[in-house]
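J.: Chains as they are written, first to last, in UniProt numbering: chain F, 1 to 270; chain W, 1 to 270; chain S, 1 to 270; chain L, 1 to 270.
Mixed in with the good hints, there may be bad ones.
[Stated by the list, open to error] Derived DSSO-like pairs: lysine-lysine, alpha-carbon spacing no greater than 27 angstroms straight-line:
| id | chain 1 | residue 1 | chain 2 | residue 2 |
| --- | --- | --- | --- | --- |
| 1 | F | 190 | W | 19 |
| 2 | L | 138 | F | 135 |
| 3 | S | 135 | W | 135 |
| 4 | W | 19 | F | 192 |
| 5 | F | 138 | L | 135 |
| 6 | S | 138 | S | 190 |
| 7 | L | 19 | S | 149 |
| 8 | L | 149 | F | 135 |
| 9 | S | 192 | L | 135 |
| 10 | S | 138 | S | 192 |
| 11 | L | 192 | L | 135 |
| 12 | F | 19 | W | 149 |
| 13 | S | 192 | L | 138 |
| 14 | W | 192 | F | 19 |
| 15 | F | 138 | F | 192 |
| 16 | S | 190 | S | 135 |
| 17 | S | 19 | L | 19 |
| 18 | W | 135 | S | 138 |
| 19 | L | 135 | S | 19 |
| 20 | W | 19 | F | 149 |
| 21 | W | 138 | W | 192 |
| 22 | S | 190 | L | 149 |
Calculated from the structure, these hints are not laboratory results.
Protein chains: 4
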Amino acid sequence: MSDVSDWWRTSIIEMEPGKISFRGYPVEELIGNVSFPQMIWLMTRGDLPDENQAALFQAALVAAVDHGPQAPSIAAARMAVTCGLPLNGAMASAVNFLDDVHGGAGEQAVELYHMIDAAGGPEHTAEILARWQEKRTKFIPGFGHRFHKPVDPRSPRLLGLVDEAAAKGVVSGRFAAIGRAIERTLAETKGKAVPMNIDGATAVIYAELGFPAPLARGLFCLSRSVGVISHAWEQMGQGGRNKGPTPPSYRWTYDGPPRVPGRIAPKDNQ
Amino acid sequence: MSDVSDWWRTSIIEMEPGKISFRGYPVEELIGNVSFPQMIWLMTRGDLPDENQAALFQAALVAAVDHGPQAPSIAAARMAVTCGLPLNGAMASAVNFLDDVHGGAGEQAVELYHMIDAAGGPEHTAEILARWQEKRTKFIPGFGHRFHKPVDPRSPRLLGLVDEAAAKGVVSGRFAAIGRAIERTLAETKGKAVPMNIDGATAVIYAELGFPAPLARGLFCLSRSVGVISHAWEQMGQGGRNKGPTPPSYRWTYDGPPRVPGRIAPKDNQ
Amino acid sequence: MSDVSDWWRTSIIEMEPGKISFRGYPVEELIGNVSFPQMIWLMTRGDLPDENQAALFQAALVAAVDHGPQAPSIAAARMAVTCGLPLNGAMASAVNFLDDVHGGAGEQAVELYHMIDAAGGPEHTAEILARWQEKRTKFIPGFGHRFHKPVDPRSPRLLGLVDEAAAKGVVSGRFAAIGRAIERTLAETKGKAVPMNIDGATAVIYAELGFPAPLARGLFCLSRSVGVISHAWEQMGQGGRNKGPTPPSYRWTYDGPPRVPGRIAPKDNQ
Amino acid sequence: MSDVSDWWRTSIIEMEPGKISFRGYPVEELIGNVSFPQMIWLMTRGDLPDENQAALFQAALVAAVDHGPQAPSIAAARMAVTCGLPLNGAMASAVNFLDDVHGGAGEQAVELYHMIDAAGGPEHTAEILARWQEKRTKFIPGFGHRFHKPVDPRSPRLLGLVDEAAAKGVVSGRFAAIGRAIERTLAETKGKAVPMNIDGATAVIYAELGFPAPLARGLFCLSRSVGVISHAWEQMGQGGRNKGPTPPSYRWTYDGPPRVPGRIAPKDNQ
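Sequences are here, hints too, so could you generate the full structure?
T.: Right, dumping it as structure tokens:
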């Protein structure tokens with residue numbers, strides 16, 4: 001019997017009839033006594049953050065909830081409910097979209113910060129950026145925004161909170177320094193501002209608080225799910241059936257071969 | 001141009017370059033000043049809850065994060081990462097599972113409470129339960145648990161918090177009364193305890209706070225996603241490739257027709 | 001050990017090292033000797049269709065592969081790959097959208113045909129349509145098209161193949177008669193043509209061939225997946241990152257409360 | 001208006017009211033005259049295969065439909081329907097699992113074959129295998145099977161069909177030669193048989209027929225979806241609610257910190 005139970009072993013949750021504990025804490029003591037962000041931290045990491053850590057953590061969760069219906073994830077959520085999906089299905093569809101390109105920048109930014117940190121800190125920024133572009137991709141994750149120019153309004157606010165936390169000794173501040181070094185280096189290299197965006201700023205917070213890179217993506221998914229549910233629910237109220245991406249009258253441009261009837265010989269005995 | 005923009009109209013988010021606001025609140029004022037549960041409330045409903053409302057709300061979010069790897073959603077998340085999916089894909093797969101049976105009980109319980117409330121309150125419980133079973137399903141959503149006997153440890157704790165909130169005038173307490181009336185009625189009818197479970201208890205909170213029924217499902221998805229990400233992340237650490245539901249040595253019982261070779265005539269000219 | 005194996009019991013596939021059989025047929029005898037549509041039939045139903053049945057079956061599968069990028073499923077597939085998802089993720093996202101409204105009409109049409117058939121056949125059409133609209137929904141599944149007016153080009157072709165098959169004794173033709181009776185009845189009731197669409201026509205075929213209603217949805221998902229993969233793959237070639245539903249310059253119409261800064265009191269010690 | 005239509009441009013499908021064509025072929029001429037595999041080929045590639053190409057192609061589609069409920073994808077499909085999901089949701093959940101590890105081997109094998117072909121053919125196998133293991137992963141995609149020893153029954157049958165097609169001039173046979181060279185090289189290197197598995201064998205076919213590597217994954221998803229739907233449908237018949245991975249009596253092994261009550265100070269005013 002133990003091989004079957006062992007197949008699903010976990011250190012997260014312990015259960016017997018009438019008893020549930022998470023990471024060793026009885027559930028009835030967590031309920032009402034820890035905040036939702038503290039619970040997210042406990043579940044993903046195994047320990048409880050203090051109030052200051054939790055406050056900085058939740059600032060990142062608050063910041064990334066939504067970026068409007070032109071984001072593919074939000075559009076997907078809104079279309080999904082008009083296809084008949086309930087909120088779980090709409091949320092699943094939207095979160096699935098938060099892959100490498102749409103939802104991976106935060107994770108990649110934490111990786112990049114860790115690389116710079118491991119190399120010795122901000123003065124190694126240019127060298128690590130070059131290595132990133134050579135080995136990974138030309139996109140520097142977490143910097144630049146095609147829409148919010150010159151500044152993404154969320155980033156300076158989040159960095160300001162990191163500075164406050166660093167001043168209080170809650171975090172070290174060294175990943176904020178790394179983030180700012182990237183911003184400076186990119187501005188010099190490109191000759192124009194390539195400011196830190198929401199992914200770069202939340203990645204600073206996740207790195208400061210000690211979250212490993214892949215969890216940055218998971219936490220972004222949690223955060224963006226709030227917008228997803230809100231938009232899906234609003235769309236349910238607006239109604240619609242099989243909502244497509246554009247009003248039906250627009251259709252799409254066809255650029256394939258011309259319609260030529262009569263090229264297929266009918267089968268004799270199908 | 002306006003028909004295209006109108007196709008995606010929303011009252012949730014307003015944006016121009018360098019400016020984002022949610023429900024009329026500038027994002028940089030929300031970050032650092034509202035809690036994550038307050039943000040969830042603002043996004044889904046349009047207004048900000050006070051601290052007491054937010055505290056009760058977050059108790060429900062904390063309570064439902066996980067029920068272990070025998071829950072299909074959690075098992076799915078753990079299997080998913082061993083198939084190569086990143087955390088967004090694991091979360092999408094798991095949340096998709098939170099459909100009518102696995103994740104719909106909270107939504108249905110809110111509906112049931114509203115029906116009893118609309119009928120005049122707790123004294124109409126038996127009558128409405130009978131109607132529910134006739135029109136909807138024999139399962140009374142939110143009550144009974146195949147594992148937690150005699151009591152689901154989360155429910156009395158959550159109801160206690162509702163009572164405290166009612167005593168302070170934060171909520172009316174009438175949905176707690178309805179929930180308890182269902183519990184009493186079921187005990188009388190069945191001759192044994194059918195105690196309120198996590199879905200019934202969180203539904204009391206969501207109903208007390210004025211959330212419409214479908215959002216109860218959405219909020220459960222948000223809450224359970226915390227466990228999903230935690231288990232998926234733990235599984236990434238454990239490793240494994242193509243993790244199946246049981247250790248490979250077990251295989252499955254085959255109960256179909258016997259293997260009979262030689263029944264298909266080879267095609268001549270395929 | 002047997003309770004674990006029994007938990008996953010199936011009559012579809014039998015396996016031991018070096019041996020695989022489906023429904024009793026050795027896999028190496030199926031490969032190269034049965035067509036893909038025959039295999040789909042065998043797997044879902046347990047027996048092999050003859051060539052005539054398979055030919056009619058595959059006409060339905062061929063007919064429903066795609067309806068262009070304004071269909072939410074196809075749009076989702078195209079957006080998905082620009083978010084970083086590989087083809088499996090794009091296909092999953094798209095197929096998830098084929099729910100009650102977008103992908104359920106075929107299943108519902110088979111149900112409706114069965115109701116009319118059980119009531120005694122075409123002469124009971126008006127009565128059953130009324131009951132459907134009273135008990136289920138005002139939409140008559142499988143009839144009418146907002147775009148293809150006056151005729152969906154796939155339907156008469158598919159019905160013609162059913163007629164040929166009925167003439168040869170492959171099928172009875174009674175569900176084609178029911179489908180045409182619905183078309184006539186709707187034309188009389190509404191005073192205008194409400195022609196059978198692709199879902200109504202494929203449902204005739206699935207009903208004629210004896211597929212239960214829920215499989216009609218599954219088969220539609222299989223068929224539409226062909227278009228899904230094709231569009232996702234084409235989009236990969238076109239490139240793009242985070243493709244939204246409309247060109248970025250359009251944005252959306254905001255119809256919520258005006259942006260009012262300064263309403264949130266900063267927290268003292270968060 | 002054209003920028004909106006251009007945003008969704010495609011060369012796959014052309015539509016106007018009452019007219020649909022795919023790759024230039026009117027839909028009503030395709031229905032009943034081309035097989036489902038031919039349609040899959042036309043949609044993904046733009047041209048119609050002849051009967052011999054289509055026959056080889058469909059052998060690959062037939063071969064990969066299912067590998068039993070211990071495959072995570074199939075287990076997911078079966079669990080999904082017990083959570084309340086319809087067949088589209090079950091299929092979406094399962095196909096999502098067919099990612100790099102579970103569904104990517106065919107795609108990777110095509111890539112590997114192309115690398116060997118580009119290097120000059122079978123005699124460069126050892127060198128390219130070494131490069132693959134250095135640059136990509138230690139797993140050689142498409143070879144070895146933890147269950148089917150010594151031989152995967154599908155592979156020799158599929159290779160036999162490739163040989164027949166090569167003898168008729170339908171394909172060149174050079175990717176079959178490459179596949180066999182890999183098998184020989186691995187046997188020599190490892191000192192034991194590491195036979196070609198289903199992914200390696202279907203990859204030979206897809207490479208012979210000219211499908212680009214990523215489509216090998218998409219085609220595997222299509223093929224495996226047949227098993228997915230079959231198992232989901234069978235599970236619907238078996239019933240069950242919230243089917244977990246093991247019988248409920250097994251639970252899981254907990255290996256985390258011990259349960260210690262009393263460590264969280266209740267909040268004063270939450």
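J.: If a hint holds in the structure, say so; if it doesn't, say that too.
T.: So, going through the hints one by one against the coordinates:
Straight-line distance between C-alpha atoms of residue 190 of chain F and residue 19 of chain W comes to about 24 angstroms, which keeps the hinted pair within the 27 angstroms bound. Proximity of residue 138 of chain L to residue 135 of chain F is assessed by CA-CA distance (about 19 angstroms); at most 27 angstroms being required, the pair is judged to hold. Taking the CA atoms of residue 135 of chain S and residue 135 of chain W, the gap is near 12 angstroms; set against the 27 angstroms cutoff, the hint holds. Restraint check for residue 19 of chain W and residue 192 of chain F: satisfied, since their Cα atoms lie roughly 20 angstroms apart, inside the 27 angstroms limit.
A distance of roughly 19 angstroms separates the Cα atoms of residue 138 of chain F and residue 135 of chain L; the hinted pair therefore holds under the 27 angstroms criterion. Using a Cα cut-off of 27 angstroms, the hinted pair residue 138 of chain S and residue 190 of chain S holds, with the two alpha carbons roughly 13 angstroms apart. For the hint pairing residue 19 of chain L with residue 149 of chain S, the CA-to-CA distance comes to about 10 angstroms; that is within 27 angstroms, so the pair holds. Taken as a hint, the residue 149 of chain L and residue 135 of chain F pair is broken in the structure, with Cα atoms around 39 angstroms apart against an allowance of 27 angstroms.
Taking the CA atoms of residue 192 of chain S and residue 135 of chain L, the gap is near 65 angstroms; set against the 27 angstroms cutoff, the hint is violated. For the proposed pair residue 138 of chain S and residue 192 of chain S, the alpha carbon gap of about 17 angstroms is at most 27 angstroms, so the pair holds. Taking the CA atoms of residue 192 of chain L and residue 135 of chain L, the gap is near 24 angstroms; set against the 27 angstroms cutoff, the hint holds. For the hint pairing residue 19 of chain F with residue 149 of chain W, the CA-to-CA distance comes to about 10 angstroms; that is within 27 angstroms, so the pair holds.
Between residue 192 of chain S and residue 138 of chain L the CA atoms are separated by roughly 65 angstroms; this puts the pair beyond 27 angstroms, and the hint is violated. Among the hinted pairs, residue 192 of chain W with residue 19 of chain F is consistent with the structure: their alpha-carbon atoms are about 20 angstroms apart, no more than 27 angstroms. A C-alpha spacing of about 17 angstroms is found between residue 138 of chain F and residue 192 of chain F, which places the hinted pair at or below 27 angstroms, so the restraint holds. Simply put, residue 190 of chain S and residue 135 of chain S have alpha-carbon atoms about 20 angstroms apart, close enough for the 27 angstroms limit, and the pair holds.
Proximity of residue 19 of chain S to residue 19 of chain L is assessed by CA-CA distance (about 48 angstroms); at most 27 angstroms being required, the pair is judged violated. Among the hinted pairs, residue 135 of chain W with residue 138 of chain S is consistent with the structure: their alpha-carbon atoms are about 19 angstroms apart, no more than 27 angstroms. Restraint check for residue 135 of chain L and residue 19 of chain S: the C-alpha separation of about 34 angstroms exceeds 27 angstroms, so the hint is violated. Of the supplied pair hints, the one linking residue 19 of chain W and residue 149 of chain F holds, its CA atoms being roughly 10 angstroms apart against a limit of 27 angstroms.
With a C-alpha separation of about 17 angstroms, the suggested pair residue 138 of chain W and residue 192 of chain W falls inside the 27 angstroms cut-off, and the hint holds. For the proposed pair residue 190 of chain S and residue 149 of chain L, the alpha carbon gap of about 65 angstroms is over 27 angstroms, so the pair is violated.
This entry does not satisfy hints 8, 9, 13, 17, 19, 22, going by the numbered hints stated previously.
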